[in-house]
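Quick note, the sequences are listed as chains U and E, same order.
So the first sequence is numbered by this note's numbering: it starts at 221 and just counts up by one.
So the second sequence is numbered by this note's numbering: it starts at 1496 and just counts up by one.
Hints are not guaranteed to be accurate.
[What the hints assert, rightly or not] Partner residues aside, some chain E positions facing chain U, computed with beta carbon under 7 Å:
| # | residue |
| --- | --- |
| 1 | Phe1498 |
| 2 | Tyr1500 |
| 3 | Gly1504 |
| 4 | Gly1505 |
| 5 | Phe1507 |
| 6 | Thr1508 |
| 7 | Thr1587 |
| 8 | Ser1591 |
| 9 | Val1592 |
| 10 | Ala1599 |
| 11 | Met1601 |
| 12 | Gly1602 |
Hints in this document: simulated from the structure, not taken from any laboratory.
Idealized CB from N, CA, C, for every residue including glycine.
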Amino acid sequence: MKLTEVVNKLELEVICGEDLLENTVTGGYCSDLLSDVMGNAQEGQVWLTIQVHNNIIAVASLKELSAILLVKGLKPGKETIETAIQQGIPILRTNETAFEIAGRLYNLIRQS
Amino acid sequence: MEFEYPIEGGDFTRAGMASSQVKKVLKQLNIAPAIIKRIAVAMYEAEVNVVAHAFKGTMLVNIMPDKVFIKFIDEGPGIHDIDLAMQEGFSTATESVRQMGFGAGMGLPNIKKNVDELQISSVVNKGTTVELTTYIS
Ligand SMILES: Nc1ncnc2c1ncn2[C@@H]1O[C@H](COP(=O)(O)OP(=O)(O)OP(=O)(O)O)[C@@H](O)[C@H]1O
Ligand SMILES: [Mg+2]
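Sequences are here, hints too, so could you generate the full structure?
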């Protein structure tokens, strides 16, 4: 499934990476521990997290994740956005909790 | 092919940058993607450990025809008990470092899982050396 479909169906806000929405989403991974994501996330997954600092971009880039999805209405700082644009990582955002949006993402991907 | 990168302790805004650079080089050299992914995880964790736990360090990369060897040398507190540090969940990370999502105590276990050889030596109050070897052919 294309990221653009995920964005539309789940009504996500695109903070940056408008030009990268053709990325393919293979699934999702939900964690706020960076080493957990490093060790267990898989290429192409959307990463659901409450972490907003700059470090999340290096993790997403090294793991070749399709996007970072910030939950609970959290906003990334300017620096995080700049690094994300530089490294080509889309940042998305929702007001829903990780539990709610993960459930919807799971169903969406399962049905596709 | 050899190169090196300085790593600044405490500089979390740049943590992972050296690893990202090396990953780009490995890709250009057409090393198998599955192997690059494993090296990326291991070197990132070792790089972040220097940022999170040491004062400053250097990442030395040596790419040979049959293997990739990466050595991290730092000046820092050293590791008191390496066996303990290797255990999943063990961490001495400070509260502020934990708030950024580090400190799960999974970094060293991640390294171990993703390289062929891992060598750690450390002198308390002096520094730590972490050597990663990955065979590519
Ligand atoms: N370069 C280093 N210098 C000093 N101590 C280190 C170094 N690397 C690791 N350690 C020690 O080993 C512990 C375990 O390291 P490990 O990478 O597994 O976990 P962490 O860095 O605490 O958390 P995480 O990697 O999950 O974010 C650290 O908390 C620290 O006490
Ligand atoms: Mg660590």
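The hints, checked one at a time:
no., hint, result
1, Phe1498, "violated, 18 Å"
2, Tyr1500, "violated, 14 Å"
3, Gly1504, "violated, 15 Å"
4, Gly1505, "violated, 13 Å"
5, Phe1507, "holds, 6 Å"
6, Thr1508, "holds, 5 Å"
7, Thr1587, "violated, 14 Å"
8, Ser1591, "violated, 11 Å"
9, Val1592, "violated, 10 Å"
10, Ala1599, "holds, 4 Å"
11, Met1601, "holds, 4 Å"
12, Gly1602, "holds, 5 Å"
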